[in-house]
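Visitor: Given next are the chains, with one letter for each unit.
Number of protein chains: 4
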Amino acid sequence: MYNLLKGKKGIIFGALDENSIAWKVAERAHEEGATFVLTNAPIAMRMGEIKNLAEKTGSEIIPADATSMEDLENLVEKSMEILGGKIDFVLHSIGMSINVRKGNHYTNSNYDFTHKGFDVSALSFHRVMNVLYNKKAMSNWGSIVALTYMAAQRVFPDYNDMADNKAYLESIARSFGYYFGRDYKVRVNTISQSPTQTRAGSGVKGFTGFLNYAEKMSPLGNASALECADYTITMFSDLTKMVTLQNLMHDGGFSNMGISDVIMDDFIDITEE
Amino acid sequence: MYNLLKGKKGIIFGALDENSIAWKVAERAHEEGATFVLTNAPIAMRMGEIKNLAEKTGSEIIPADATSMEDLENLVEKSMEILGGKIDFVLHSIGMSINVRKGNHYTNSNYDFTHKGFDVSALSFHRVMNVLYNKKAMSNWGSIVALTYMAAQRVFPDYNDMADNKAYLESIARSFGYYFGRDYKVRVNTISQSPTQTRAGSGVKGFTGFLNYAEKMSPLGNASALECADYTITMFSDLTKMVTLQNLMHDGGFSNMGISDVIMDDFIDITEE
Amino acid sequence: MYNLLKGKKGIIFGALDENSIAWKVAERAHEEGATFVLTNAPIAMRMGEIKNLAEKTGSEIIPADATSMEDLENLVEKSMEILGGKIDFVLHSIGMSINVRKGNHYTNSNYDFTHKGFDVSALSFHRVMNVLYNKKAMSNWGSIVALTYMAAQRVFPDYNDMADNKAYLESIARSFGYYFGRDYKVRVNTISQSPTQTRAGSGVKGFTGFLNYAEKMSPLGNASALECADYTITMFSDLTKMVTLQNLMHDGGFSNMGISDVIMDDFIDITEE
Amino acid sequence: MYNLLKGKKGIIFGALDENSIAWKVAERAHEEGATFVLTNAPIAMRMGEIKNLAEKTGSEIIPADATSMEDLENLVEKSMEILGGKIDFVLHSIGMSINVRKGNHYTNSNYDFTHKGFDVSALSFHRVMNVLYNKKAMSNWGSIVALTYMAAQRVFPDYNDMADNKAYLESIARSFGYYFGRDYKVRVNTISQSPTQTRAGSGVKGFTGFLNYAEKMSPLGNASALECADYTITMFSDLTKMVTLQNLMHDGGFSNMGISDVIMDDFIDITEE
Chain V
0 MYNLLKGKKG IIFGALDENS IAWKVAERAH EEGATFVLTN APIAMRMGEI
50 KNLAEKTGSE IIPADATSME DLENLVEKSM EILGGKIDFV LHSIGMSINV
100 RKGNHYTNSN YDFTHKGFDV SALSFHRVMN VLYNKKAMSN WGSIVALTYM
150 AAQRVFPDYN DMADNKAYLE SIARSFGYYF GRDYKVRVNT ISQSPTQTRA
200 GSGVKGFTGF LNYAEKMSPL GNASALECAD YTITMFSDLT KMVTLQNLMH
250 DGGFSNMGIS DVIMDDFIDI TEE
Chain F
0 MYNLLKGKKG IIFGALDENS IAWKVAERAH EEGATFVLTN APIAMRMGEI
50 KNLAEKTGSE IIPADATSME DLENLVEKSM EILGGKIDFV LHSIGMSINV
100 RKGNHYTNSN YDFTHKGFDV SALSFHRVMN VLYNKKAMSN WGSIVALTYM
150 AAQRVFPDYN DMADNKAYLE SIARSFGYYF GRDYKVRVNT ISQSPTQTRA
200 GSGVKGFTGF LNYAEKMSPL GNASALECAD YTITMFSDLT KMVTLQNLMH
250 DGGFSNMGIS DVIMDDFIDI TEE
Chain Z
0 MYNLLKGKKG IIFGALDENS IAWKVAERAH EEGATFVLTN APIAMRMGEI
50 KNLAEKTGSE IIPADATSME DLENLVEKSM EILGGKIDFV LHSIGMSINV
100 RKGNHYTNSN YDFTHKGFDV SALSFHRVMN VLYNKKAMSN WGSIVALTYM
150 AAQRVFPDYN DMADNKAYLE SIARSFGYYF GRDYKVRVNT ISQSPTQTRA
200 GSGVKGFTGF LNYAEKMSPL GNASALECAD YTITMFSDLT KMVTLQNLMH
250 DGGFSNMGIS DVIMDDFIDI TEE
Chain P
0 MYNLLKGKKG IIFGALDENS IAWKVAERAH EEGATFVLTN APIAMRMGEI
50 KNLAEKTGSE IIPADATSME DLENLVEKSM EILGGKIDFV LHSIGMSINV
100 RKGNHYTNSN YDFTHKGFDV SALSFHRVMN VLYNKKAMSN WGSIVALTYM
150 AAQRVFPDYN DMADNKAYLE SIARSFGYYF GRDYKVRVNT ISQSPTQTRA
200 GSGVKGFTGF LNYAEKMSPL GNASALECAD YTITMFSDLT KMVTLQNLMH
250 DGGFSNMGIS DVIMDDFIDI TEE
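Chains as they are written, first to last, in numbering that gives the first Met the number 0: chain V, 0 to 272; chain F, 0 to 272; chain Z, 0 to 272; chain P, 0 to 272.
Chain V on its own, in the form it takes in the complex:
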């Protein structure tokens, strides 16, 4: 629509199906003139679906397990070959808690699952940046974004160990972002999105209650996956070059609300009225 990413080259992790934010980012990046490689864990790939996205956006797909350095090295090398040069933008949209899937309560974690979820959801971001950094694969003034959720700052009980994983992920953004900024002028940020009805989101118990509450609390309502993609595009563009190490709330204002009128109405005693 605006050619905001004209000529830019990227790697997009985590486009699972058309509800996922990464899918929308791919569509929007394509509209804005970017070329990119799509990647997912071999196990998570629904080849049928992501193939449609690849065709639609003229992208190639390179499967990669984000916990495998070998896979990531292959991904980055191949991407530079395919795209014909260094990478301008990367989206990390990867998260998974086995404790959530297996129904383990937070107070009763299986620590093997915790380690595995941590490896996939948080440490994968370090690994991705490790490979990009050491292969000098990012263009100067490139942009790296990871998606996160406000459970990293505040308690959302059903989010379970994903909350802690997101806190670690956001810390990686700062820690690695320092070196990327200092050495390659690359910015690293996280975008903290409203609860979104993606496949990942739907796995969380009581998700609808959650969504209703956030909708009523936020002055602008919950942000959609497409709106998140739009925002991500601005973070990949040349107009946000000096924003780095930040956790950017994209949530219709939820994060800075104490209470809204609509929510408060539900808690007023009859006697008070």
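Hint data in this document are derived by calculation from the structure and do not stem from the laboratory.
Among these hints, one or two may not hold up.
In silico lysine-lysine, DSSO-like type, Cα no more than 27 angstroms apart, as pairs [said to hold, decoys possible]:
1) 115(F) with 101(Z)
2) 115(Z) with 134(F)
3) 215(Z) with 184(V)
Note that the structure is a prediction, hence the values are computed from the model and not measured.
Given the structure of chain V, go ahead and fit chains F, Z and P onto it with the hints provided.
Guide: Then chains F, Z and P, alone, in the frame of chain V:
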């Protein structure tokens, strides 16, 4: 009970009646061995009530309008005379919004009222510290505390312009706290208390709804005025000497909650269950 | 360059000369296809300079004292007439401390000056939004941005009472932003910019030391006025519709740095090496 | 000195030698009337040293690897036997990065080391609370504190993966603190301490430069291990019952400083003066 403030000398602003936090702080400071002067705006003084507190705690009362430098200078000088030396602790518990009182909506402020409320609720804290600083009236390692509310960080609609005043007040704590720390080893902090059914709190529209909501959201429930007084005592004691420029949440955990199970239950669709 | 603001109508406060951020925002908004009205306090207008900007960008100038409701009402009405409809974006870039100008130390404020500086620097933002809100002058999904500085969160001694004013300003953004979001889908945010050598910035004592320090601390260095304008453009565009009530750091990463290698090198003991 | 912990029973992790904060906490808790069990990883125990502390404070030592559920279960059960009832306070002071020890740069981590350091430094806190929670071992209104560092919020390059571990640790405090508060009225907080010359601290490269810088930046200077112990005592006492899910800065004001006069003096150009 513990002699935590044995031998310490203080000034306590804002003890209006037995529900006010400053009143509880005075009672607790007395129990912990402190001597102090009580002060209030001449206009706000219910002499009958504060006299009881003064008698009970062996304190003198010095009326002072916290927006008058003359009154504050008189207060600080007299207090040092009465208490026999420099001041170890000060509590600022002053807040008032004429826009709230007059029922002016936030989007339709009377700016004369805004200025007046700002002067009383926020700038008074600067004036108090100005007098203490320039008269070198604080002991080394003394402690200054102002009470505040989380509306300084997040939106609580009915809090009106008091929210903005509290944001300014908390900024003063940092700005002036720097000079007090650097020059006199005095610490300056704000305590951000749960909604509390004091006279000030009760003025806010829909206050009961508010209270119910916060009670259900906070893992420990709302903090009481007495509990706030206990916490304030620790901040006046010698055990917290290196805590400064902080805004300390005293709220049963409210500030770091996204949602609690109890609140979420109210928002779950029947269709989901 | 991208037509990001094609067809959008705006009001830009505070373009003093070509170093000021508002000036750059005007130039960039023009390039992106917007039309707008320029405004400044009658007293601050250097008609010669701002006339050049007006000519260059095809804008009209309407003088307005941002502390006068009458002036602001006239400004908003005239702007809608001139631009032919409701307003899509507003930039508030107004700040002034008489205590700083007069060389009054923070611990020794003149409170008349404090009130006046507060009125101009902070309350003006409330007044502007008050007029826009009550005149229903903002388009749905419009965007209001005010410029601020990190002294609102952390101590920068020479920033004096501007620090406290900025804290109040940021609180207004949240407080009023709630109503603007709820009622008109308008977002309100502040952008917290690196120290910048504008006329306003230059007034601060020790400004060069400050600038050097921030440059060495920030992984990307200090952000320029032009880069700030670019970022502001994204906040006015349709790509950031769900970002509201936020204070957005535009600072090369400064805000999330504890220490950089370059700064640390200056503090290492010879004995340690 | 004040009998603040009279009759209280505790478990203290991490007293390695007399420089460690946990050691000072044990001494101060003893002075304040508490009884407690001391524990460390079998491998980290310098029996000679901790035996002295145990004798001095009338405590028993129970070795426990904080990454072993079996060890922790044994520790908690034995502690309740020895102390004669439920636990009132717990100090977690455990941290270790193999990447730091081995000199691996942050951009070049060994991920087995990262996992191991994460397990010891962060996940151990979850395990400790898991055991305490499921054994219903904490008294109502008990208090759990973990020590942390500001690298969890801001970049301190040499802190390496310990920064990310501390971010995860602080998130655990919130996540588990919710359940502990809701179900047992137990509060869970982290104390974020100034850089301290403990054995752990000394392992960090460039530590002296760091210490000098923080000393010059903080209005009160760096907080000592003993001062941190004093503060921890207040968090174990009955005077702070409603403080939970918080990360409490104990740092002489460092965390809210942008720049101090002393630091700025080092960065002023000669030409400016």
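Visitor: Okay, which hints does this one fail, numbers in order?
Guide: Violated: none.
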